[in-house]
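Colleague: These are the residues of each chain, in order.
Protein chains: 2
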Amino acid sequence: MEFAELIRTGQAQAELLRGPEEPPLRGTLCITGHHLLLSPGPQATPDLWLLLLRNVDSIEKRVAGDSGTITLRCKDLRVLQLDIEGVEATLDIARSIEALSSLESVITSFPFFYRPKGLRLGDAWHFHPPECYYKRVAREVLLRAGQPLTGPQKRRCSEDEDLLRAVLAGAQPGARGFIVDTRSPQAAKQARMTGGGTEAKAAYPGWKRLHRPLETGRPLQESFVRLVEACGDLEQSMDRWLNRLESCRWLSHVKETLSTACLAAQSMEQEGACVLVHGAEGTDSTLLITSLAQLILDPLSRTMAGFQELIEREWIQAGHPFQLRCAHSAFSHARPKHEAPTFLLFLDCVWQLGRQFPLSLEFGEGMLLALFDHAYASPFGTFLCNNEKERCLCEVRTRTHSLWSGLSQPKEQRKLRNPLYVPNPLAIWPSAEPQSLRLWQGLFLRGTRPPEPSEVAWEKVWQIVTDQEKTEGSQPTDSASEAGP
Amino acid sequence: MEFAELIRTGQAQAELLRGPEEPPLRGTLCITGHHLLLSPGPQATPDLWLLLLRNVDSIEKRVAGDSGTITLRCKDLRVLQLDIEGVEATLDIARSIEALSSLESVITSFPFFYRPKGLRLGDAWHFHPPECYYKRVAREVLLRAGQPLTGPQKRRCSEDEDLLRAVLAGAQPGARGFIVDTRSPQAAKQARMTGGGTEAKAAYPGWKRLHRPLETGRPLQESFVRLVEACGDLEQSMDRWLNRLESCRWLSHVKETLSTACLAAQSMEQEGACVLVHGAEGTDSTLLITSLAQLILDPLSRTMAGFQELIEREWIQAGHPFQLRCAHSAFSHARPKHEAPTFLLFLDCVWQLGRQFPLSLEFGEGMLLALFDHAYASPFGTFLCNNEKERCLCEVRTRTHSLWSGLSQPKEQRKLRNPLYVPNPLAIWPSAEPQSLRLWQGLFLRGTRPPEPSEVAWEKVWQIVTDQEKTEGSQPTDSASEAGP
Numbered sequence: 015m016e017f018a019e020l021i022r023t024g025q026a027q028a029e030l031l032r033g034p035e036e037p038p039l040r041g042t043l044c045i046t047g048h049h050l051l052l053s054p055g056p057q058a059t060p061d062l063w064l065l066l067l068r069n070v071d072s073i074e075k076r077v078a079g080d081s082g083t084i085t086l087r088c089k090d091l092r093v094l095q096l097d098i099e100g101v102e103a104t105l106d107i108a109r110s111i112e113a114l115s116s117l118e119s120v121i122t123s124f125p126f127f128y129r130p131k132g133l134r135l136g137d138a139w140h141f142h143p144p145e146c147y148y149k150r151v152a153r154e155v156l157l158r159a160g161q162p163l164t165g166p167q168k169r170r171c172s173e174d175e176d177l178l179r180a181v182l183a184g185a186q187p188g189a190r191g192f193i194v195d196t197r198s199p200q201a202a203k204q205a206r207m208t209g210g211g212t213e214a215k216a217a218y219p220g221w222k223r224l225h226r227p228l229e230t231g232r233p234l235q236e237s238f239v240r241l242v243e244a245c246g247d248l249e250q251s252m253d254r255w256l257n258r259l260e261s262c263r264w265l266s267h268v269k270e271t272l273s274t275a276c277l278a279a280q281s282m283e284q285e286g287a288c289v290l291v292h293g294a295e296g297t298d299s300t301l302l303i304t305s306l307a308q309l310i311l312d313p314l315s316r317t318m319a320g321f322q323e324l325i326e327r328e329w330i331q332a333g334h335p336f337q338l339r340c341a342h343s344a345f346s347h348a349r350p351k352h353e354a355p356t357f358l359l360f361l362d363c364v365w366q367l368g369r370q371f372p373l374s375l376e377f378g379e380g381m382l383l384a385l386f387d388h389a390y391a392s393p394f395g396t397f398l399c400n401n402e403k404e405r406c407l408c409e410v411r412t413r414t415h416s417l418w419s420g421l422s423q424p425k426e427q428r429k430l431r432n433p434l435y436v437p438n439p440l441a442i443w444p445s446a447e448p449q450s451l452r453l454w455q456g457l458f459l460r461g462t463r464p465p466e467p468s469e470v471a472w473e474k475v476w477q478i479v480t481d482q483e484k485t486e487g488s489q490p491t492d493s494a495s496e497a498g499p
Numbered sequence: 015m016e017f018a019e020l021i022r023t024g025q026a027q028a029e030l031l032r033g034p035e036e037p038p039l040r041g042t043l044c045i046t047g048h049h050l051l052l053s054p055g056p057q058a059t060p061d062l063w064l065l066l067l068r069n070v071d072s073i074e075k076r077v078a079g080d081s082g083t084i085t086l087r088c089k090d091l092r093v094l095q096l097d098i099e100g101v102e103a104t105l106d107i108a109r110s111i112e113a114l115s116s117l118e119s120v121i122t123s124f125p126f127f128y129r130p131k132g133l134r135l136g137d138a139w140h141f142h143p144p145e146c147y148y149k150r151v152a153r154e155v156l157l158r159a160g161q162p163l164t165g166p167q168k169r170r171c172s173e174d175e176d177l178l179r180a181v182l183a184g185a186q187p188g189a190r191g192f193i194v195d196t197r198s199p200q201a202a203k204q205a206r207m208t209g210g211g212t213e214a215k216a217a218y219p220g221w222k223r224l225h226r227p228l229e230t231g232r233p234l235q236e237s238f239v240r241l242v243e244a245c246g247d248l249e250q251s252m253d254r255w256l257n258r259l260e261s262c263r264w265l266s267h268v269k270e271t272l273s274t275a276c277l278a279a280q281s282m283e284q285e286g287a288c289v290l291v292h293g294a295e296g297t298d299s300t301l302l303i304t305s306l307a308q309l310i311l312d313p314l315s316r317t318m319a320g321f322q323e324l325i326e327r328e329w330i331q332a333g334h335p336f337q338l339r340c341a342h343s344a345f346s347h348a349r350p351k352h353e354a355p356t357f358l359l360f361l362d363c364v365w366q367l368g369r370q371f372p373l374s375l376e377f378g379e380g381m382l383l384a385l386f387d388h389a390y391a392s393p394f395g396t397f398l399c400n401n402e403k404e405r406c407l408c409e410v411r412t413r414t415h416s417l418w419s420g421l422s423q424p425k426e427q428r429k430l431r432n433p434l435y436v437p438n439p440l441a442i443w444p445s446a447e448p449q450s451l452r453l454w455q456g457l458f459l460r461g462t463r464p465p466e467p468s469e470v471a472w473e474k475v476w477q478i479v480t481d482q483e484k485t486e487g488s489q490p491t492d493s494a495s496e497a498g499p
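Just so you know, the protein sequences line up as chains X and R, in that order.
Going by my numbering, the first sequence opens with residue 15, and the numbers climb by one from there.
Going by my numbering, the second sequence opens with residue 15, and the numbers climb by one from there.
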């Protein structure tokens, strides 16, 4: 199939509204295989506005008289409005966007065509080999897995039993093991009917099972959709807003996730225990807990490189099915099937960590926002496909650019790094009390409010830091002054 | 009455717990007329811990075996626990604190005895004369008043009518006037039965009345008490917390106050209208609106000096009855009579402004916290008494120190000033959408959580700024290097 077949229009005159407090942009609108472009003419700044069509989550068209309006709700939660001259043009553009934004083929997606200046294919794909990590954490025993496949006959698996026995044998003398199951005891039992199950107490001596049920899948996606709906309503009372914030349960998910991650981290750090985390598949809530527990305990995972390594290892290589989970964001009218904002929930929990420990993460809110954006729609190949096997089949590593290579560009640093960072060798224990958790306004209000105040403050702090570096740079060094006459 | 009569104990050994993550302090406890002191011995740092007894809002004692525990809940929302050796000593200390913390006489209060080094009596009492302000704002017409005393017979007052006619005559040609009444139309009508009332339309041509009901008095105090109760409960679910946050209505009060202030400011700025604000007495919600409208419109009121001037003019000189309103804070078991956290509501609204415009206020959160603390219990005389008449009778200006003089000490600046401040000549329009407003955690969680993360970030930014100033100071100037060999 050729993209050209799906493009039903040449170009049209349009005005674009990008959100509150941003001036409208007038110009010529056209569509390519992967982008919507608005070219406002040679004198204008910026000279080109560009939207990756994959970023469109829902599209709404309205025509009146001899013009039309298209509202694009994006996966990154931004809302765009296009006022277009001509009814036919409006309908053609809307149909083209609809068709092109919902293509499912991976190997015709934009990352396979994106060839930015200054980046080389293959760069940064292998700079986080897991072997280095394993060497470093040889005495830190945090395991993750899928559920044991006991089934209705309560089958046992001697290899699993041997493995967990060996783990305890290799740990400190007398160390205990905790199995953190992210399902309720009922759900774990029911899983037997479909071949899954849970560890029988007798078969795993020294290991204690703790159930900390975390919602995933559809309830989580619905929570996300309802939160974004509530955030978009600017004409509600405080009572109604707080009521909706409560009933959508997003912050409850944040609280439960952080509590469970603290439990896992605490068992390791304070009891010297070995911890195994799993839910059903080991590719969703399991990863939430193992990755957050590492951020709490391991100072290296809080650096820029360490955090990228963590995401590469605990999410991408661990097989979180990004393509299925992030197929749609909060605006799509498609009923969710496999979609779930598990990765967003992780980013939100990291944001809460960063808010509670403002000096301890080397990366800032901008990094978390960028990761959210790229997980849902990206010119880079990092979040493509659902697992390693699919990525190999599609040759993602040789035919697309790595996001880590894109983010390492010097011009990106100011947006991504925390100017207040001071390495902190200790564990950082977040408070999961409801009073201490906040709505991540920088993300959830980005479609409705002008730039977050914290962004403004951030920019100013960077300016102060950069001025300081310049001043220091222009100062004569000691050796230079000693070399003077 | 002598203080000595109320002090029932000599001294006792005690351990003090000052809150989460603060180490306990052991030492000798004793009571003076105005303070509770703990002296941990010559080697300890700090060598003396001191609490103004006036700061105690409620006291709870428990004895068991041969020791006792006293829990002091302070007006500044901090909670202290004292474990004391000896049952008699515990009971004596508790009784002494109860008696001394509830003394009502102004002229025997601590400000009349406080003589700090480096400050001179009389300083800073007159550095905000209202005359300068009137000259500066001669064309800004924002008025405040009490309700017109029409009474049940609908009396008219020709002086009032002349005055408001003169205001419009002196304004731009065609300017309209708005009367913002902070009561509901029903409440304003009912006020006639007790001698009050509202402006009859026919009697005030050119003026339009707008009702924006704001709650004051008892409902506001109860809202405050319920919010602090909810903040102190660390074992609740997210649902329960959001539910209590909604039902205590504090954030609704913040929202309504900011909306009404925006309405007043908008009428002046965008319609060139004259605005008169009043409720019943003109000493509570009226002041909220006039002072916030000025912060929105007037860049000078956002400087350190301008903000102090604003509080002096719009709250202290305008007759906000601080002594009655701030007699108790959120913990007292006394049923509120005249207490109401109107001034705290103002500070919270300013905090929201500062959060939404992080560069535009010269003062920071520390200034707002200090003002809250001093309004409820202070060694300075600024917030004593209920009005100018009482302050003159007590000779407050000659016999106590001004808070403004205390806050101008160099060592206080880092806590009070905003390191990111950039003067902003424009009006700053806050969003009063519920999504944009936040719980002021730095204040309301101060009794239950370790230092706010924002305080940590703040301190780090100050460090960067100070380092930068040092670096700049140590650099050779241009002229110096030109004078070199």
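If you're looking for bench data, these hints aren't it; they were derived computationally from the structure.
Check the hints yourself; a few may be wrong.
It does not matter which identical chain is used: a pair holds within one copy or between any two.
[Stated by the list, open to error] Computed cross-link-like contacts, BS3-like style, restricted to lysine-lysine with a CA-CA straight-line distance of at most 25 Å:
| no. | residue 1 | residue 2 |
| --- | --- | --- |
| 1 | K222 | K168 |
| 2 | K474 | K429 |
| 3 | K474 | K484 |
| 4 | K474 | K168 |
| 5 | K429 | K484 |
| 6 | K75 | K425 |
| 7 | K351 | K215 |
| 8 | K425 | K131 |
| 9 | K403 | K484 |
| 10 | K215 | K168 |
| 11 | K131 | K215 |
| 12 | K203 | K222 |
Colleague: Compare the structure with the hints numbered earlier in the document and write down the numbers of the violated ones, lowest to highest.
Modeller: 4, 6, 7, 9 and 11
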